[in-house]
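Read top to bottom, the protein sequences are chains W and C. Everything in the first sequence is counted per the UniProt record's numbering, starting at 1 for the first residue and increasing by one. Everything in the second sequence is counted per the UniProt record's numbering, starting at 1 for the first residue and increasing by one.
Be a bit skeptical, because a hint or two may be false.
It does not matter which identical chain is used: a pair holds within one copy or between any two.
[Claimed, not checked] Mimicking EDC-like on lysine to aspartate or glutamate, the simulated pairs with C-alpha atoms at most 16 Å apart in a straight line are: (1) K644 - E568; (2) K675 - D631; (3) K675 - E662; (4) K675 - D655; (5) K675 - D605; (6) K232 - E210; (7) K622 - D605; (8) K274 - E288; (9) K264 - D220; (10) K22 - D267; (11) K509 - D363.
Don't read these hints as lab results, they were simulated from the structure.
There are 2 protein chains.
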Amino acid sequence: MSDIEERAISTIKLLSVDQVAKANSGHPGAPLGLATVAHAIWKQMRFNPKNPDWINRDRFVLSNGHAVALLYSLLHLFGYPLTIDDLKNFRQLGSKTPGHPEAETPGIEVTTGPLGQGISNAVGLAIAQKQFAARYNKPDFTLSDNYTYVILGDGCLQEGVASEACSLAGHLQLNNLIAFYDDNHITIDGNTNVSFTEDVNKRFEAYGWEVQWIKDGNNDLNAINKALEQAKKSNKPTLIRLTTIIGYGSLQQGSHSVHGSPLKADDIKQLKEKLGFNPEENFVVPQEVYDYYNKETIQPGQKLEEEWNALFKSYSEKYPEQAKEITRRLSGELPSGWEEKLPSYTKDDKALATRKLSEMLLDSIFDYIPELIGGSADLTGSNLTRSKEATDFQPDDAPAEGNYAGRYIRYGVREHGMGAIMNGISAFGANYKAYGGTFLNFVSYAAGAVRLSALSGHPVVWVATHDSIGLGEDGPTHQPIETLAHFRATPNLKVWRPADGNEVSAAYKVALGSKHTPSIIALSRQNLPQLEGSSVAKAEKGGYVVKEAADAQVILVATGSEVSLAIEGAEALAAKGVSARVVSLPDQHTFDQQSKEYRLSVLPDGIPIVSIEVLTTTGWAKYSHEQFGIDRFGASGKASDVYKFFEFTADGVADRALKTIEFYKGSKIVSPLNKAFYSVV
Amino acid sequence: MSDIEERAISTIKLLSVDQVAKANSGHPGAPLGLATVAHAIWKQMRFNPKNPDWINRDRFVLSNGHAVALLYSLLHLFGYPLTIDDLKNFRQLGSKTPGHPEAETPGIEVTTGPLGQGISNAVGLAIAQKQFAARYNKPDFTLSDNYTYVILGDGCLQEGVASEACSLAGHLQLNNLIAFYDDNHITIDGNTNVSFTEDVNKRFEAYGWEVQWIKDGNNDLNAINKALEQAKKSNKPTLIRLTTIIGYGSLQQGSHSVHGSPLKADDIKQLKEKLGFNPEENFVVPQEVYDYYNKETIQPGQKLEEEWNALFKSYSEKYPEQAKEITRRLSGELPSGWEEKLPSYTKDDKALATRKLSEMLLDSIFDYIPELIGGSADLTGSNLTRSKEATDFQPDDAPAEGNYAGRYIRYGVREHGMGAIMNGISAFGANYKAYGGTFLNFVSYAAGAVRLSALSGHPVVWVATHDSIGLGEDGPTHQPIETLAHFRATPNLKVWRPADGNEVSAAYKVALGSKHTPSIIALSRQNLPQLEGSSVAKAEKGGYVVKEAADAQVILVATGSEVSLAIEGAEALAAKGVSARVVSLPDQHTFDQQSKEYRLSVLPDGIPIVSIEVLTTTGWAKYSHEQFGIDRFGASGKASDVYKFFEFTADGVADRALKTIEFYKGSKIVSPLNKAFYSVV
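If we strip away everything but chain W, and leave its shape as in the complex, we get (with noise of 0.2 Å):
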């Protein structure tokens, strides 16, 4: 190791010390034991910390993210808007420099500390690269070909997200992917030992890894440059076991008392003196190491972006259109006129499930939409997700029909793995609009990552069919109960339920158009009929009066295979001479997204309001009075008896509205959406 890569190693280590020092928070023992290689990683990355954008960047992804002030310090190194008060700063409120990386800070690709998220990511990203690469480079030109680097440690691998993801990244064979595991025995419990025995190597392996083992990851560098250049010529997924000591350097280094709390001012005292910098001084980058990685990768990387910028020029002229999609592409626009391929429909059509109509949906936009990139966890043929346009993402070689150019991915079971490639694959830029199927109430298995799609705003798109007891016969097991109104209180998440076909033309217009929303759009398995009153302009306002009524009594206000249920329930009271307004509310984001005055005249003051859902009545207070769902399991049955049992039926729904009536009778009525006061942030 030279002198002044000895040095820039520690000024890592340093910057990271004194970060979580300042704030008297954070991890710094992850960021001693790591430095080594994250300089090695860093330094040979290609980037251009002026533009964090250029597809064609290597990505770095720090999975275990409670390691950020790592990152911070590498972010600061080398050359991104990252300034030393920002470290000073670092975890305090309002500051460029939270807790934990998140994806707004420039220079970071996604947002991790949820562990086993990034690694997971990582495998997105890849996956996006090579569809990306296989679309658009030619044998003349390189336009793709970047790598995804990964740190993780014990946590990430212990995660099932993260095993989901990398047997999927094996299958695959994703060679642009380089993982690093922090091999430290160290996790918050103590040892390693006390719960996490397993053969890693041979793990991945089994996965269809290339494994490789550098056995002092905290000083042999050239151990750790050597591994790099051989898992560039793999054609697999690299995993680099790298064994280090946790908070190298400390006075507690390989104990876990090093993994969460900041040093002790004498601990920091006896590293600074040992690495050679002055202990009475805080924050110190010595100029020598600025330059160095200025001169070793900041300037090349700028450089390569300009060739790069030239290369697509000379591709420009050679390959105009496929030139002209890329740069719309990295616009962050959908191709112009796509609305118009969504289908509408008008009551004589036929009566289809909303999951038919998302894949007719979905066969008129395939072709036309190439950022488009689907798959299912193993439910194609149920959630109905694979346009007959769609080739499947697949190795050249692989047991199975596809290629990299493919925009259908095999998933497999793995719902959790799915939603945190999905993020990936957004994450990658190019506009990618990534989408997954599953049962609706097995999106629940992928909290985690949906989770982290709507903090991060990577706007992918759930579709999660089979969304209620109407399935039937699979019953409580797969029934949803309690899953829309997870979603529905998850900050920044469309969580649609489209009624009949116009409605599922708005869903995926209003996801599809999203550039920081993720959207989970709930599909029936069931016939659902076209509805007379409702239009794509109508829904995708997210809430629309279905069907009006002279001088209603009573709003009935539903969603999916409820609107027409309560649009018979109406019909109901009017033969008992009871007017009733039907409301459709497919999406509540998007609803509450409208003008006060819009969302009043479909919810005004002065009429009694009844929720009609066949899920949990929790959250539909929001929106009305009262509320008819099923605060309960639901039942294994031939659908049409389940609704019976739950007494969701014409007559049901009457005569809630009617008890509505007779109880709000003389009071006056405040529309739930006048509220005493408002959210202020």
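With chain W held as given, fit chain C onto it using these hints.
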């Protein structure tokens, strides 16, 4: 294979096929492929169908629960109270034979269907057996030595939850666990080679399992029997890979079309003919098959239980204390007087984090309740879940300290696996009360298992610390927002958020006393004062008036850390001459079970109610007119700064209260507990 065994296997196949055909719904493929191995496993299993609760019975788990028709056939043939008429009612509303295995049916150990859960439950069943045996067996008395058998498919192996649980099972050397992997190369998306090409044998070897492989799983009964014998001699858990042809004998055998759709009439006809049955008859069981299983399995099983009872009688004489404990546990009762061990507090006691109060409580009861078996997903030092009395549950020759009599499980960073394992421990019987710790935000990783705890009625307890923005610096990736709304919306699930020590005791009192309801106990990272108005007796009602006020103009209802804040808010209001009652509502589920009279005494008509909780407002309209919460993601910073940022201060509370009083002035105010109609089922 003898003629009678062939006949028996054919009977299993055809009973299963007939169920699916009659229901015109279900999965015939797996039962046809698995009838031979199912016969082999069940024939040698030790159980007494007349007493499905016998504690030393062998357990069987069908992890690929969609093959449930197979299980119903077995239960019928092996003497459980499931009649041919029950089989004819397969998948009908109200039948004893729902679409997936549900644990209430006698002989079904755990509810399965959601993939990956069953094998993970089985790990829990095996852990419980090891612990039970280590505690109670004596050199001269083997009270517990049962096996847990599992059949699982490709889908289970792809699920992350299974990876987590199986890695831990290998670490724990659970040689009482024998799993058959139905290697049929088919999942719903077709051939497994589209997504699942890993080397499963090698993966399981890496986990520390013994792996065997039987190449002709449809016919090689001899090999299956030998494999079972070998597995029983292993010192590791065993995976027996069984290569089979799905739908074996059907015209569609080997294709995914036989997975989830009934066989056609002509296919059933040819199958029955091929197997020597009358194609005109359905649901046929030859008398010799009944006789055979009766003689080979049922009668020996009854005898085994009788012998066990005699053994336990002598054991009781020699080890009366242990026997008394066992008898008590088998009756499902906790040790008398255990509630008196729960700490109580007065306002002069020190302010402490509720996670710390939870630790003190566990210290106080852990030794007194031998069925308590705890753990953490690698956050022991943060969750504070390990009683000082605890020994780790570890195999004798493990690298880490502990033994099988230990009652503290180091789960590793495996939240979903932990949840599913806790369900299995609970399903073992003997009154096991499993609890497990993680951060509240990461209980969501285990949503699939939590849902099954609730659906199956496993009274497990999640010790969910770091329950809000109050965790501070770790930031939005770790701060729950939607989490409590999600779990409160789940049927049959208690979600406690205690405000102080008395409420922590109440939460545990109700949670551990529950026989069929799981609990999540959300605990603070930060210190909270002991409240003047709290008591265990009040809090165990789920909600109560913690601070009364004469002629209250507003009610502030809060949970956890916001109860003391609400009291401060009430004081700020009092200073302005406004009278406010404060209600603590630590568990909505428990509160809902109180009499309406009581609930209305807490939240009466006539006074406007504001809820105060630093989480989503979703769900709070059930108990309040106005909601003060956080309907966005959190922020990284010092906890006190973050609270201020979201205006959760005494003044912030008072401000919302005043606005609420103003808004409702002159209106008739109806308690949200009074509804126009109520749930009927």
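Do the hints match the structure? See the list:
With identical chains, the CA atoms of K644 and E568 are at most 16 Å apart within one copy only, with a shortest distance of 14 Å there and 49 Å across copies. Only between protomers do K675 and D631 lie at most 16 Å apart by alpha-carbon distance; the minimum there is 15 Å, versus 26 Å within a single protomer. Taking the shortest alpha-carbon separations for K675 and E662, only the inter-copy value of 11 Å comes in at or below 16 Å, while the best intra-copy value is 24 Å. Taking the closest pair of Cα atoms, K675 and D655 come within 16 Å of each other only across two copies (14 Å); inside a single copy the shortest separation is 28 Å, beyond that limit.
In this homomeric assembly, K675 and D605 come within 16 Å of each other (Cα to Cα) only inside a single copy, at 12 Å, whereas the closest approach across copies is 18 Å. Proximity of K232 and E210 under a CA criterion of 16 Å is satisfied intra-copy only: 11 Å inside one chain copy versus 34 Å between copies. In this homomeric assembly, K622 and D605 come within 16 Å of each other (Cα to Cα) only inside a single copy, at 14 Å, whereas the closest approach across copies is 20 Å. Taking the shortest alpha-carbon separations for K274 and E288, neither the intra-copy value of 19 Å nor the inter-copy value of 83 Å comes in at or below 16 Å.
In this assembly of identical chains, the alpha carbons of K264 and D220 never lie at most 16 Å apart, being 27 Å within a copy and 65 Å across copies at closest. In this assembly of identical chains, K22 and D267 lie within 16 Å of each other by CA distance solely inside one copy; the values are 14 Å within and 74 Å between copies. Only within a single protomer do K509 and D363 lie at most 16 Å apart by alpha-carbon distance; the minimum there is 14 Å, versus 56 Å between protomers.
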